[in-house]
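In my numbering, the protein residues as written are 1 to 185.
By construction, these hints were calculated from the structure, which means they are not laboratory data. A couple of the hints might just be wrong.
What the hints assert, rightly or not - Below 30 Å or equal to it, Euclidean Cα-Cα: the simulated BS3-like pairs (lysine-lysine) are:
(1) K185 x K169
(2) K86 x K169
(3) K136 x K169
(4) K38 x K24
(5) K185 x K136
(6) K153 x K125
(7) K125 x K169
(8) K38 x K136
(9) K38 x K185
(10) K86 x K125
(11) K82 x K185
(12) K185 x K86
(13) K82 x K24
(14) K169 x K31
(15) K31 x K136
(16) K136 x K153
(17) K38 x K82
(18) K153 x K185
(19) K102 x K38
(20) K38 x K125
(21) K31 x K153
(22) K153 x K24
(23) K153 x K82
(24) K185 x K102
(25) K185 x K125
(26) K31 x K86
(27) K153 x K102
(28) K169 x K153
(29) K102 x K82
(30) K31 x K185
(31) K125 x K136
(32) K125 x K82
(33) K125 x K102
(34) K86 x K153
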Amino acid sequence: MAQPESNYTCPWWLLFTFDNPIRKLIHNPNKILRPYVKAGATVLDVGCGMGYFSLELARLVGPNGKVIAADLQPQMLAGLEKRSTKADLQTVIQPHLCATDKIGITEPVDTIFAFWMVHEVRDRKAFLQELYRLLKPEGILMIVEPLIHVTQKNFRFTLDLGCELGFIKVSQPNVAISRSVILIK
């Protein structure tokens, strides 16, 4: 199956509509992330936006861990930096501006979190290959995609591609109004 078309990136200004305190009722970051993140870990939050999940990841990894918060829009990272400073988490969160075709980090990570963004990637195979390379052995990749934009067939394409590249499907946790999967390297 050919990769479904993708020529959309969520604009930075749109995040203000759903990155708000009410969202915690639907997507509680601690509940979603806690089972997959350990204190002292290095975590990549790819497509981090303004840090809705990055902040909780930083709390979970603690002062001895690191969150690499990667996004391709400078405005998103500027918002993340303001939020991380306000939450006093700026020493744990490392903002990273990535390119449209490459994340561009070299440091191995324990866990990768990709929330509502994989469907926006133009070359999913190259993207998943890069994620696989970045993960430490037995590292965790959590992909969560919106039911609104991503059909079951489209999600299955991503999942099948990941498995072809060497990821092992472990579970499909229940995340509200989303399709999700946990993959292990």
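For each hint, the structure was consulted:
At most 30 Å may separate the alpha-carbon atoms for a hinted pair to count; K185 and K169 meet this at roughly 9 Å. With a C-alpha separation of about 37 Å, the suggested pairing of K86 with K169 is violated against the 30 Å cut-off. With a C-alpha separation of about 16 Å, the suggested pairing of K136 with K169 holds against the 30 Å cut-off. For the suggested pair K38 and K24, the alpha carbons sit about 21 Å apart, so the restraint of at most 30 Å is met.
As the CA atoms of K185 and K136 are separated by approximately 8 Å, the hinted pair is consistent with the 30 Å bound. A distance of roughly 16 Å separates the Cα atoms of K153 and K125; the hinted pair therefore holds under the 30 Å criterion. Restraint check for K125 and K169: the C-alpha separation of about 16 Å stays at or below 30 Å, so the hint holds. Restraint check for K38 and K136: satisfied, since their Cα atoms lie roughly 14 Å apart, inside the 30 Å limit.
For a cut-off of 30 Å, the pair hint linking K38 to K185 stands: about 17 Å separates their Cα positions. Restraint check: the Cα-Cα separation between K86 and K125 comes to about 37 Å, which exceeds 30 Å; the hinted pair is violated. A C-alpha spacing of about 33 Å is found between K82 and K185, which places the hinted pair above 30 Å, so the restraint is violated. Of the pairs offered as hints, the one joining K185 and K86 is violated, with about 35 Å between alpha carbons and a cut-off of 30 Å exceeded.
As the CA atoms of K82 and K24 are separated by approximately 20 Å, the hinted pair is consistent with the 30 Å bound. The straight-line distance between the Cα atoms of K169 and K31 is roughly 20 Å, inside the 30 Å bound, and the hint therefore holds. Under the criterion of a C-alpha separation no larger than 30 Å, the hint pairing K31 with K136 is consistent with the structure, at around 24 Å. For the given pair, K136 sits about 29 Å from K153 by alpha-carbon distance, which is consistent with the 30 Å threshold.
Taken as a hint, the K38 and K82 pair is honoured in the structure, with Cα atoms around 25 Å apart against an allowance of 30 Å. As the CA atoms of K153 and K185 are separated by approximately 23 Å, the hinted pair is consistent with the 30 Å bound. Between K102 and K38 the CA atoms are separated by roughly 26 Å; this keeps the pair inside 30 Å, and the hint holds. Restraint check for K38 and K125: the C-alpha separation of about 28 Å stays at or below 30 Å, so the hint holds.
Distance restraint check for K31 and K153: the Cα-Cα separation of roughly 27 Å lies within the 30 Å cut-off, and the hinted pair is therefore satisfied. Of the supplied pair hints, the one linking K153 and K24 holds, its CA atoms being roughly 28 Å apart against a limit of 30 Å. For the given pair, K153 sits about 38 Å from K82 by alpha-carbon distance, which is inconsistent with the 30 Å threshold. At roughly 19 Å between alpha-carbon atoms, K185 and K102 fall within 30 Å of each other, so this suggested pair holds.
A C-alpha spacing of about 15 Å is found between K185 and K125, which places the hinted pair at or below 30 Å, so the restraint holds. Only pairs whose Cα atoms come within 30 Å are accepted, and K31 paired with K86 is accepted, the gap being roughly 22 Å. Between K153 and K102 the alpha-carbon distance is near 25 Å, which keeps this suggested pair within the 30 Å criterion. Taking the CA atoms of K169 and K153, the gap is about 17 Å. The hint holds against a cut of 30 Å.
Among the hinted pairs, K102 with K82 is consistent with the structure: their alpha-carbon atoms are about 25 Å apart, no more than 30 Å. Distance restraint check for K31 and K185: the Cα-Cα separation of roughly 23 Å lies within the 30 Å cut-off, and the hinted pair is therefore satisfied. Simply put, K125 and K136 have alpha-carbon atoms about 19 Å apart, close enough for the 30 Å limit, and the pair holds. For the hint pairing K125 with K82, the CA-to-CA distance comes to about 33 Å; that exceeds 30 Å, so the pair is violated.
The straight-line distance between the Cα atoms of K125 and K102 is roughly 12 Å, inside the 30 Å bound, and the hint therefore holds. The suggested pairing of K86 with K153 is violated, with an alpha-carbon distance near 41 Å, which exceeds 30 Å.
Hints 2, 10, 11, 12, 23, 32, 34 from the earlier list are contradicted by this structure; the remaining hints agree with it.
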